[in-house]
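*Asks:* Residues per chain are reported as follows:
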Amino acid sequence: MSISFKKPSILPGFWPAFSYTVLYLSLIVLIPLSAVFLKSVTSSWAHLWEVVTSPEVVASYKLSFGASLVAGLVSVVVGFLVAWVLVRYQFPGKALADALVDLPFALPTAVAGIALTTLYTEHGWLGRYLAPLGIKVAFTPLGVVVALTFIGLPFVVRSVQPVLADADAELEEAAASLGASRWQVFRLVIFPVVRPALLTGFALAFARALGEYGSVIFIAGNMPMKTEITPLLIVSKLEQYDYAGATAIAAVMLTASFLMLLAINALERRTRRFMVMG
Amino acid sequence: MATAAIEVPRKSEAGARAIRRDPPLVRWGLTVLALGALGAFIVLPLAAVFVQAFAKGVPAYLAAIREPDTLSAIKLSLLVAGVSVPLNVVFGVAAAWAIAKFQFKGKNVLVTLIDIPFAVSPVVSGLIFVLIFGAQGWFGEWLSDHDIRIVFAVPGIILATTFVTFPFVARELIPLMQSQGSDEEEAALTLGASGWQMFFKITLPNIRWGLLYGVVLCTARALGEFGAVSVVSGHIRGQTNTLPLHVEILYNEYNYSGAFAVASLLSVIAVITLTLKKFLEWKTKEGAK
Amino acid sequence: MKLTTILRYFVAAAVAGAAAFAGPVKLLNVSYDPTRELYQDINAAFAKQWKAKTGVDVEISQSHGGSSKQARSVIDGLPADVVTLGLAYDIDSIAEHARLLPANWQTRLPNNSTPYTSTIVFLVRHGNPKHVKDWDDLVRPGVAVIVPNPKSSGGARWAYLAAWGYALRKNNGDDRKAQEFVTRLYKNVPVLDSGARGSTTTFAQRGIGDVLLDWENEAFLALNELGKDKVEVVTPSVSILAEPPVAVVDKIAAKHGTAQVAKAYLEFLYSAEGQEIGARHYYRPRSPEVAARYAGRFTNVQFFTIDEVFGGWQKAQKRHFDDGGVFDQIYLKGR
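Protein sequence lines correspond, in order, to chains A, B and C. Residue -2 is where the first sequence starts when you use my numbering, and the numbers rise one by one after that. Residue -18 is where the second sequence starts when you use my numbering, and the numbers rise one by one after that. Residue 5 is where the third sequence starts when you use my numbering, and the numbers rise one by one after that.
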């Protein structure tokens, strides 16, 4: 049985390492997560269906998925630009700029939320210049997008950067010597190389944005039907002692996250294959 | 004739190289755009934290940091990171060893499962431990009969933090160990090294920078986690408040400069983390060469 | 060395037999958001009194948060010896879902177990530029009202019910008109924070909105924090008598062996000294003597109670704030 399960190797320690991995994974992640599904089915299916399809919850899916999608797309555009500049150009302070990209990753989300709200309300540092233009950021879906973009940006930059840095210079040079214009080279040579990395970055940013809580609740304004994100509704259900309802919504989100992860890993495998072929 | 024939390809070769050097206008335009975006999205929020932290002057800043509740929050955050990071390091090394060095069925599923905590909403990450260890949870009665506190106490905070930071070390080590292959280890074994000798003399030195990098990321996240910890903490002042929770509390007490002072402490940790990370990246590259 | 310290911490935290440790008696008071400053003073005063009376040191820890969230934490195992929450429904929930105290808890202490009361008032910007004087001004177009989400905030539930009760009274008990009034009021709300403190920050720090609906004590605290040159308190003609109740969590206190001190702690709130401290923090005292002494602090308001108008918290909660209730419908219809 074990022979067909694992290819033989002269290296020791597979079984201890593998067993420990599976045990620890089960204890810390799988068993606790299964609690969500088991708790949600303590209620009747009709009730669960009613909860996960109630108008308020559906509106929150729309916001959470929609804002995550938009934030992911913005992160892709801005992230690609930042990665491009960091890889291709030399300018003073480049090392600093490069280091700062990861800040959203290391900064606690609550701090980020408070800081962003401070910036973007009507009287904030940035908000006061946007308000006369009729652009309201804080307490609108746009504010949610801003917070989620802040969270998502590093994922795109860090996915694209290494691919762009490793991209074969000779390919571009060959294309140019064959008479391709700058734009053609970008579109036909560079873009196809970074496309999988962009997709991975997008998927990571999207998945992370979907569950984000700390930074969003400060800036969202939490208006029912308009700016309530799904994780907030989970909390709201809990406060009404509706554990089954809370876990039902959580289960919907978990399933969505899991599908996203499967997609990410598939994409990463494709990227790797692409890199090997390239 | 002959000279002309040689000159043409030379010219186009130079022209082809130039394709990677964009015209100054494009170069500067894009650089300014990118830096502007970084500024608006990242530098400004950071600046806002520090400006507000020092809004009431340096003495007020120091007073906020030295307050006993702040100090106990710092201690708790360090304790939590001090337990959950080593746990995840041991797991990360074991998982990377099994996944990177061996071929077995279902490997892709295992890799995806390891990534799960990364995509779970922090709120859910906290909730699951309440469902299991809370008074109404699976083990609630047994725990309360035996006077063991998990949620609303330090163990719950450690569990939630461990869950959230679970994938970091493993995710860093798996690709690194995959790219290194196992030739060196196999050589060591053929030369008569024991399993542990091979691990400490060959594998560990090979992965040390990547490992450190994972530790740094994991620590930063462990110190900064808010949502999950908020659900399991119980918010008892001076006892179960971590640094990010303490920021929220100060903020809710209209002590804005205090809240931002503590937040700036977390930001400093973040910046130190990033500097360390840069250094380790550079070291990893050196090591790879 | 480091590892042993960590282990010791872990063990000390995991084994909760805190009362068994030699040293001071420990109490945990789980409370709602606005009472931070109040209980800081109460705890110090009570500890002094208890020490003088019994010679025993008492250490009181505080946990603050939204009232419902705190109740849920206690249900899930937060070891509160006493709870001092924003509304009776939340303590009812602890009795119902976790059976940590009897269902008749509210009869065990005087005045419905509410040692102090409060009400809902308006906080407006300096000079009252929008001329907000009473409830009717809140539904005028162009007046932005800041109030927290009643689903997560106790204070916001009192505010919602205060508005509803006012409209009922004005329209001779016409329920439909009351709903219309409250709907119009919430149309004027641009942000629903999750708690009272969040709303105050939105109003005061962020400069959003013209009126903040808030607990009376919170409004005066904000006034003192922000300065009288920034905001003013407007007291409406009619409002709800908000009764934030307190209770000993019997089962937990019994387990900790703190039942006696916990009871004394809550009784202290009713004492002259406790009432004084409450009044200083702008909670309306129950004691007539203390109330007379602090009469200058509080404007006269015509009060109605939740029992009179809504038939108690259980009914009010079910009809207005549960999922699918009137509050949800307001926002569904708004689309």
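Bear in mind the hints are in silico, worked out from the structure with no lab data behind them. Even glycine gets a Cβ: it sits at the ideal position worked out from N, Cα and C. Check each hint, because a few of them may be wrong.
Okay, derived cross-link-like pairs now, SDA-like style, lysine to any residue, Cα gap no bigger than 20 Å in a straight line [claimed, not checked]:
1) C:Lys30 with B:Gly219
2) B:Lys86 with A:Val19
3) B:Lys266 with A:Phe15
4) A:Lys4 with A:Phe15
5) A:Lys91 with B:Leu11
6) A:Lys91 with B:Lys37
7) C:Lys174 with C:Pro133
8) B:Lys88 with A:Ile25
9) B:Lys264 with A:Met220
10) B:Lys88 with A:Pro5
11) B:Lys264 with B:Leu91
12) A:Lys4 with B:Lys37
13) A:Lys223 with A:Pro52
14) B:Lys266 with B:Gln159
15) C:Lys30 with C:Ala263
16) C:Lys52 with C:Gln209
17) B:Lys88 with A:Ser23
18) B:Lys37 with C:Gln209
19) A:Lys4 with B:Ser163
Now the stretches of chain A that chain C is said to cover, found in silico as 3 or more residues with beta-carbon under 8 Å [said to hold, decoys possible]:
20) 50 to 63
21) 116 to 130
22) 205 to 219
23) 230 to 237
*Asks:* Just to be careful, I want the Cα atoms of Lys264 (chain B) and Leu91 (chain B) compared with a cutoff of 20 Å; is the pair within it?
*Replies:* Since the Cα atoms of Lys264 (chain B) and Leu91 (chain B) sit roughly 30 Å apart, the hinted pair is violated (cutoff 20 Å).
*Asks:* Holds or violated: Lys88 (chain B) with Ile25 (chain A), Cα cutoff 20 Å?
*Replies:* Holds, at about 19 Å.
*Asks:* If you draw a straight line from the CA of Lys88 (chain B) to the CA of Ser23 (chain A), is it 20 Å or shorter?
*Replies:* Holds, because 15 Å separates the two Cα atoms, which is no more than 20 Å.
*Asks:* Hint check: Lys91 (chain A) vs Leu11 (chain B), CA-CA at most 20 Å. Holds or violated?
*Replies:* Roughly 14 Å separates the two Cα atoms, so the pair holds.
*Asks:* Does Gly219 (chain B) sit within 20 Å of Lys30 (chain C), going by the straight-line distance between their CA atoms?
*Replies:* Holds, because 13 Å separates the two Cα atoms, which is no more than 20 Å.
*Asks:* Assess, step by step, whether the Cα of Lys30 (chain C) is no farther than 20 Å from the Cα of Ala263 (chain C), and give holds or violated.
*Replies:* holds (11 Å)
*Asks:* Are the Cα positions of Lys223 (chain A) and Pro52 (chain A) separated by 20 Å at most?
*Replies:* holds (11 Å)
*Asks:* Are the Cα positions of Lys264 (chain B) and Met220 (chain A) separated by 20 Å at most?
*Replies:* violated (48 Å)
*Asks:* Lys266 (chain B) and Phe15 (chain A): Cα distance at most 20 Å?
*Replies:* This hinted pair is violated, its Cα atoms lying about 29 Å apart.
*Asks:* Taken at face value, is the distance from the CA of Gln159 (chain B) to the CA of Lys266 (chain B) at most 20 Å?
*Replies:* holds (16 Å)
*Asks:* Okay, the segment 116 to 130 of chain A and chain C, do three or more residues pass the C-beta test at under 8 Å?
*Replies:* Holds, because 4 residues of the segment 116 to 130 of chain A bring their Cβ atoms closer than 8 Å to Cβ atoms of chain C.
*Asks:* Run the distance test for Lys4 (chain A) versus Lys37 (chain B): straight-line Cα separation, threshold 20 Å.
*Replies:* violated (65 Å)
Taken one by one, the earlier hints fail for this structure at numbers 3, 6, 7, 9, 11, 12 and 16, listed in ascending order.
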